[in-house]
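**Q** Take the two lone chains, each set in its own frame, and fit them into one complex as the hints suggest.
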Amino acid sequence: MENNLKEYWSINLKYLVILLSIWFLVSFGVGIMWADYFNQFRIGGFKVGFWFAQQGSIYVFVVLIFVYIRLMNKLDERFGVSE
Amino acid sequence: MSLTFWTYLIVGITFALYLGIAIWAKAGSTKDFYVAGGGVHPIVNGMATAADWMSAASFISMAGIISFIGFDGSQYLMGWTGGYVLLALLLAPYLRKFGKFTVPDFIGERYYSQQARIVAVICALFVSFTYVVGQMKGVGVAFSRFLDVSFEMGVVIGVGIVFFYAVLGGMKGITYTQVAQFCVLIFAYMVPAIYISIIMVNNPVPQLGLGGVLQDGTALLDKLDMLSIDLGFHEYTTGNKPRIDLFCVTAALMFGTAGLPHVIVRFFTVPKVADARKSAGWALLFIALLYTTAPAVAAFVRTNLIETVDNKPYATMPAWFSKWETTGLLEWEDKNGDGNIQYYNDKNADYVSTTANPKGWKGNELTIDRDIMVLANPEISNLPAWVIALVVAGGLAAALSTAAGLLLVISTSISHDLLKKWLRPNISEKHELRAARIAIGVAVVIAGYFGYDPPDYVAAIVAFAFGLAASSFFPAIVLGIFDKRMNKEGAIAGMIVGLVFTATYIWYFKFGGGTPDGYWFDISPEGIGTVGMAINAVVSLVISRLTPAPPVEVQDLVENIRVPSGAGNASVH
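So the protein sequences, as listed, match chains A and B. Numbering of the first sequence is given in this note's numbering, commencing with residue -3 and proceeding in unit increments. Numbering of the second sequence is given in this note's numbering, commencing with residue 0 and proceeding in unit increments.
Any given hint might turn out to be false.
Sample of chain B residues facing chain A (criterion: CB under 10 Å; computed from the structure) [stated by the list, open to error]:
| id | residue |
| --- | --- |
| 1 | G38 |
| 2 | I65 |
| 3 | F70 |
| 4 | G98 |
| 5 | T217 |
| 6 | G231 |
| 7 | Y235 |
| 8 | T249 |
| 9 | R276 |
| 10 | L284 |
| 11 | G440 |
| 12 | V562 |
Keep in mind the hints are simulated off the structure, nothing from the lab. Where is the CB? At the ideal position from N, CA and C, for every residue including glycine.
If we strip away everything but chain B, and leave its shape as in the complex, we get (with noise of 0.2 Å):
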């Protein structure tokens, strides 16, 4: 049977469980429709928070980046990762105490201001729609690639989907469906990975595999370094970039995990605290298991790569390559017309007059994309083609759970932070269900047109994302939580001067003109928003002792929210 036929098929019984279980769990409460009643097991939320954490840039991208890339991918693999301890210890417990809706509805009532709130709701709304625009973008990517339509066709049948399950079931919908998307992303991950893992190191564990032995003897990692050197590119195995800034890059991104509201509302839908901290570990452990399978798969289809092409006879080649030229993701381009295949770093000025240059080669001739180590790698493994099926469907799970959470935030935003707590108080419950419905039926219209028609800026802005939440929300937070006498006035402050600071910095060099050479200390915009923390921190504490202590009523809402006991359920005020 073909390619085709099981790709319709599997994501064609996919999509169907995904609005057959949108269908079951229709929201009949705001209580519902944001926070899925309430009562959510933890080890289900801990599924959820997995598919809604992983992103088709987890699923697709990673792996990719981390074989070209080697040991600095650990940025990656560490940063998303990590976050989830933070939340664990210093966040998802007391936030599910405290027991509201949102993130911005924390830091209104903590730091007893409309004003804290509202940059709160800017902030939520703009590294949610960064985000989602990404996501619809994947989407199409990922029909298009598979499915003989057209990109413009994918991104509107993504939403359409998206659209049908998140307005009719908001988070109820979306928190069972997350956890079918999540069943579908990691199985699909795997099988892949545990092939090509016993094809070159005879190991069925890939994490294991990775340190493996391959069949000529030599460990699999001293093989790619060996082969990255012998190319002019560096040693897979250690870093290529500034210390400082992988420590900085890092930090960003567990801190910004900790500080995206599309994760922390998760901890909002269990019904205990102790189970907020549970929902967290089991989080974590499902997202370790694609976590430390992808520098596996990344390190196991670099070197299949490059045994494959290196100064390889193009006539040779195997028929996934033909495949996959056709689609633009690999690229040959003959150079010194020899007929052979010529692949090796052509920057590395040493290497090009010492090897390259002898040798007679005129420039790389071989120019692949990221995206194809984990989409091409069941072809280059052989598989059959249901598990090629399978990895589509797994693509698409990843793009639409994520979305489909990220476009809950920005209707929670817009319903409850702006509507109910500021413009329409009086709002009843039926019209308040009803507006984040208009609220999340329009967002994904929106999120889908910038998917269909990105503006280039898109790739450039996610460090934005990352770099304002851990600058903006995650001090105002934990300060909250942690420091009593934290008062609005130094909160406040503290976000603005690390927003402010950190987006400066990042538009600076991402778009007015910044080169690498004037980066403060080797910091690259991805890292800043660790420096952005640190002095919204600081900022934070200094103005707050000059400032009068916040209310009693403030402060005895901090003793009661670290302190499990009595947490009800989330409140529907």
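One chain only, chain A, in its complex shape (with noise of 0.2 Å):
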């Protein structure tokens, strides 16, 4: 059971530095650092930075979650950890 938790906390850990990897890239890298170099791009009427910026980075950290929340639920199922 010890051993278990401990590989249920990795794998969690996991998860969190992926996410918050791509949390980070998409709003303080292509929205921000970056927004100069992917605005010479173009999606429609939007300069690529700039839509990240404004738009794009919501978007993706409304998905982030939801795909946190579906990977938790499986893990505390595989771990018989949930409620």
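**A** Structure follows, in structure tokens:
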């Protein structure tokens, strides 16, 4: 049981690192630090950097949380720790 | 039917609804009062959190600010949404499993220390009071502008309404009222936005309309870039401020969001750990509806406004122009006496000498208050009177819902953290509940008084609320969950150093005579919380490794909150 919980926690941490990296890259990366670079590309009437800063990163945030919910519900079940 | 009639009707109906819900959801126990009985459905809690979060500033001012600063406005859009990812992944599930009522509760028990609890209570009170005063002022402004009552009377009515449903229902009343308020405010925000999107770019979805094409064939954002440059402003879709500052402000708002007590406490109200994650997801989805619409409204209204006024004769202005002039939100002064409106950036020296002077312009003639972008939007777009009334009701819903959530944190801090957990541990539940009601009543009146007569530093100290939440609570809570070795010495030292550093920097540049030239690495006071947070984390980690490990019970507690099973109800001690 003890080892099981250690594994549960380390998988959880792995999910966090992956999801938070995406969180950082879309907002602070594409939306802020590299916005000027991405602004040379366009999607329809949007410059890409501007779109990520004012629209795209917010959509990604929402998706990230729902992906996390799904991953964790599965993980809880696999380790028998759901309520 | 007149606008006044519609406004009284719609505002009256929504207020009757809030009061009806308050009577229906009367709190019977401290658990009802603090965490709505702990049985709130995650989607319901998501809506309540969204209403709690979106204040009068989000509803009325944000789109206006963005329309003036363009790309740099992204700091608010990302900053006030990205924090929910941190909440969902790093805080909400674990705090729910911990299962107490307040943030100081967590700090106090995790760091086995009464001092840590007191530091947390003081931060929670300060942050919440700063915030609530602004909301009360928002209520007064919304009333006075539309209902022909004075600003003072508006504040008094607002105080009365919040007093009634917060004192009666506590968290339970507030939760269900916030659900109704969310519906009112999102509907009120979306209707004019959809209308103006259809008018400008013929697309009923404002989020897509922002990238749409105008009737003359140019893309909206390209047109806006062009108009901005033509008038001496910076290009709309690229930023004007240093990127490092944009980075730090965005981060401070995100970490601050995740550390704000009135947001965190909402996740104590759901039944299970899985529900805490879920409700963070729903909350962000509901918030994202407004936050992705705001930049579209900003661009539409700004383009529309520039095209309407730019170098046009004053005599040909539409009816809304003079109406908003009487409110003072729009001011025109014919500096060069030609009868036309010149609106341009007269702070841009290059532009003034090469373009404005040769044309005989004598300075910018039009002063536009940022709030007008949302408030006047329905009239600029020629929408019916009931839509305008709806916007009033929406603004009031946004201000009231946030004020109520904050007041609850204030009253809980006093009746639970100070009284029950410190001064009077033997107080009975009945007396604690009564103390909570008295505390919230007193808090409403004090907040109303400050809203009625706001000290002029109110606007300046909003930076404090986020900066302090980011530099004090966020690292203390996250390290408390993810670092088992973190002890009270580390956490308290970190909180104090982070807090003092951030407060000193903000104080120096807001009140102590500091000028922007003196900013460290171009970081403004709004963004310094990010640095304070990093300092807090480093100090906590170093000190904790030099001092004894926390007791075994505390380490077991940390093990325990990392696993969802067995959360049970929020315990009543």
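**Q** Each hint needs a verdict: does it hold in this structure or not?
**A** Here is how each hint holds up against the structure:
{"no.": "1", "hint": "G38", "result": "violated, 14 Å"}
{"no.": "2", "hint": "I65", "result": "holds, 8 Å"}
{"no.": "3", "hint": "F70", "result": "holds, 6 Å"}
{"no.": "4", "hint": "G98", "result": "violated, 12 Å"}
{"no.": "5", "hint": "T217", "result": "holds, 9 Å"}
{"no.": "6", "hint": "G231", "result": "violated, 21 Å"}
{"no.": "7", "hint": "Y235", "result": "holds, 9 Å"}
{"no.": "8", "hint": "T249", "result": "holds, 7 Å"}
{"no.": "9", "hint": "R276", "result": "holds, 5 Å"}
{"no.": "10", "hint": "L284", "result": "holds, 5 Å"}
{"no.": "11", "hint": "G440", "result": "violated, 36 Å"}
{"no.": "12", "hint": "V562", "result": "holds, 5 Å"}
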